[in-house]
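**Q** Read off the chains here:
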Amino acid sequence: MIGLDVGSTTAKMVKITDGEVIFRITGTHNWKDLIRGIKDDEIISTGYFKNSVPHKATLTEITAARYGVKHYFPYADVIVDIGGQDTKVIDIRKNNFVINDKCSAGTGAFLEFVANYFKIELKDLGLLHSRAKRIPDINNTCGVFAISEMISQLVAGFSKEEVIAGMHYAFARRISFMIPEGETIVLIGGTVKNEGMVSALRDILQKKVLIPREPQIINALGALKYYS
Amino acid sequence: MQVYLKPVKKIGITALVPPELIFACGQEPFDVNNVIPASRSYPVNKLCAWTAIWKEMITKGEIRIDSFIVVAGGDCHNALVDGQKASRSGIPTHFFFYPFDGDPQYMESELYDLSYFLGSIQKPELFKEIIELKKIGKKIDKKRSAGKISPGEAFRSLISFSDLCGDINKFRKDIASIKEIKIHMNNRVAMIGVPPIYHDFHEIAQSLGLHIVFDELPSEFIRHTGKDIKSLARDYCDYTFARPLDLRIEFLQKELERRKIDGIIHYTQFSCHHMLEDEVFREELDFPILTIQGDLPGKTPQQIKLRLEAFREMLDRT
Ligand code: SF4
Chain A
1 MIGLDVGSTT AKMVKITDGE VIFRITGTHN WKDLIRGIKD DEIISTGYFK
51 NSVPHKATLT EITAARYGVK HYFPYADVIV DIGGQDTKVI DIRKNNFVIN
101 DKCSAGTGAF LEFVANYFKI ELKDLGLLHS RAKRIPDINN TCGVFAISEM
151 ISQLVAGFSK EEVIAGMHYA FARRISFMIP EGETIVLIGG TVKNEGMVSA
201 LRDILQKKVL IPREPQIINA LGALKYYS
Chain B
1 MQVYLKPVKK IGITALVPPE LIFACGQEPF DVNNVIPASR SYPVNKLCAW
51 TAIWKEMITK GEIRIDSFIV VAGGDCHNAL VDGQKASRSG IPTHFFFYPF
101 DGDPQYMESE LYDLSYFLGS IQKPELFKEI IELKKIGKKI DKKRSAGKIS
151 PGEAFRSLIS FSDLCGDINK FRKDIASIKE IKIHMNNRVA MIGVPPIYHD
201 FHEIAQSLGL HIVFDELPSE FIRHTGKDIK SLARDYCDYT FARPLDLRIE
251 FLQKELERRK IDGIIHYTQF SCHHMLEDEV FREELDFPIL TIQGDLPGKT
301 PQQIKLRLEA FREMLDRT
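One line per chain: the protein sequences are A and B, in this order. Sequence positions in the first sequence follow our numbering and run 1 to 228. Sequence positions in the second sequence follow our numbering and run 1 to 318.
Everything labelled a hint here was simulated from the structure, so no lab data went into it. Yeah, the Cβ is synthetic: ideal placement off N, Cα and C, and Gly gets one too. Hints are supplied without guarantee of correctness; some may be wrong.
[Stated by the list, open to error] Derived lysine-lysine pairs resembling DSS-like cross-links, with alpha carbons at most 30 Å apart:
hint : chain 1 : residue 1 : chain 2 : residue 2
1    : A       : Lys56     : B       : Lys299
2    : A       : Lys123    : A       : Lys94
3    : A       : Lys94     : B       : Lys230
4    : A       : Lys15     : B       : Lys148
[As the list claims (entries may be wrong)] Some, not all, of what chain B presents toward chain A, calculated at C-beta under 8 Å:
hint : residue
5    : Thr59
6    : Gly61
7    : Lys230
8    : Glu284
9    : Leu306
[Unchecked claim] Between beta-carbon pairs, the in silico distance windows are:
hint : chain 1 : residue 1 : chain 2 : residue 2 : range
10   : B       : Phe270    : A       : Gly27     : 50 to 56 Å
11   : A       : Glu181    : B       : Phe270    : 24 to 30 Å
12   : B       : Ile121    : A       : Cys103    : 50 to 56 Å
13   : B       : Ser207    : A       : His29     : 26 to 32 Å
14   : A       : Phe145    : B       : Ala146    : 31 to 37 Å
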């Protein structure tokens, strides 16, 4: 049995062999590579395309996240899943969730926008953030206006690194508005590989923030765990 | 001797205006909200799509009515403003106010004002006919709660009680033709807040394993009635949406308990003041709650289906 998470940008596959979590990640367009030799009735699918790929059963990303996170952190209070197109916040204790899918400002797309502006790779944002000496205030919670505010700060003399750090704070602040009370917050999704964004979020939340070793595969793992 | 019959006027209303009084005054009510879910409009200058669309359709003459009654006090300020904008197109408009404190005397004077606006009571016998129809409405509601009528069909007939489709006889036949079926219901869900703007919402929820056994606003449409202005006033002054939130919650607690529900969907529109009530419901109503904010009419969007599905998964495991 495998868990298959086919999302808007990446596809992930997880299986458990001898108690060990084994996974593969690829681009969404290559999702078929992940299930070569695997029968349809051995697949539990989740993610945006869960119904379009072969499966025995499907599970929403929200429930999958809960079960996946439980595998690593059984006592987590809140899960924040920052995806490319949306951000989901799941309050485990209250059995509640909120999804931001209306506005790019609190999703991975926002940081992609920032990386594109500087013509750098998304994965380099974290490293550049760590070199910032000061952090400019970027207050706008709207993605488009935040970009123009970012340009104003560049003109005002802040370095690229500093402005990127400022954008991470603006992004983290936006996410923090969605996060309910709770001691332990678990971050998942591809965007949380960005250490700059994570350090901004830790600084703003002042709570215990945990990240699984491979935050991108949690939903695929959760889909598998739910049905096993 | 020649008899001159006064032509029947089509009276646009925003819910909830007692349709009993409009029929009794010899006129035909038409709930302008009922055309919205099927409309394809993208209104300009919108806060809530419900009011923005009817305002635009009335102004452009796409909804043809002779007069307009807007529920203002105690319900929705978007309707109050868009109602005034619609009235600028020249349609005689009356603003109808509910008492926040539930004062039946105030309600009575509002109903008298309304009857003057409509002319005067011409057909008092229709009050009784509508009382009987609303009894049938209550039976429909009970049957759907028992899984004998599909949630979608029950919703559509209950929501039509706001204007009885403008034709009492036809409406009576329509509701008599509702077929009984047997539905197995595992997740019994109450729909509170405003009705969804998506025309297939109840069917979609059902296909995802959520059976809606209560619709808050439509159930108000069948709950109130009366045999004359005085009794209408005594009954309608208790319209929960116009009353303090605590009373509404108290009413809901009993109703949800009675219907043995497993969860609640709280639906409002973006930019609707009812959204501000969400946290109070979460504090006071002891059930899992899914909050949905809708926007433009049409089919239930994919993102909302995802929320419904996740809610079902949540209920399955609680
Ligand atoms: S949904 Fe809210 S804002 Fe829209 S008409 Fe109804 S009460 Fe008014």
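**Q** Next, verify each hint and record whether it holds.
**A** The hints, checked one at a time:
Pair hint A/Lys56 plus B/Lys299 holds up; C-alpha atoms about 27 Å apart against a cutoff of 30 Å. For the suggested pair A/Lys123 and A/Lys94, the alpha carbons sit about 34 Å apart, so the restraint of at most 30 Å is broken. With a C-alpha separation of about 46 Å, the suggested pairing of A/Lys94 with B/Lys230 is violated against the 30 Å cut-off. Distance hint between A/Lys15 and B/Lys148 is unfulfilled; the C-alpha atoms sit about 44 Å from each other, more than 30 Å.
The criterion of a C-beta within 8 Å of any C-beta in chain A is not met by B/Thr59, whose closest approach is roughly 28 Å, and the hint is violated. For B/Gly61, the shortest C-beta to C-beta distance to chain A is roughly 33 Å, which exceeds 8 Å, and the interface hint is violated. Residue-level restraint check for B/Lys230 is violated (minimum Cβ-Cβ distance to chain A is 46 Å; threshold 8 Å). Proximity of B/Glu284 to chain A is violated relative to the hint, the smallest CB-CB distance being about 14 Å (cut-off 8 Å).
With a cut of 8 Å, the hint placing B/Leu306 at the interface with chain A holds, because the nearest CB-to-CB distance is about 6 Å. Between B/Phe270 and A/Gly27 the Cβ separation comes to about 34 Å, which falls outside the hinted range of 50 to 56 Å. Evaluation of the 24 to 30 Å hint for A/Glu181 and B/Phe270 yields a pass: the beta carbon distance comes to about 25 Å. Between B/Ile121 and A/Cys103 the beta carbon distance is about 52 Å. The supplied range of 50 to 56 Å therefore holds.
B/Ser207 and A/His29 have their C-beta atoms about 30 Å apart, which keeps the hinted 26 to 32 Å range intact. For A/Phe145 and B/Ala146, the Cβ-Cβ distance of about 53 Å falls outside the hinted range of 31 to 37 Å, so the restraint is violated.
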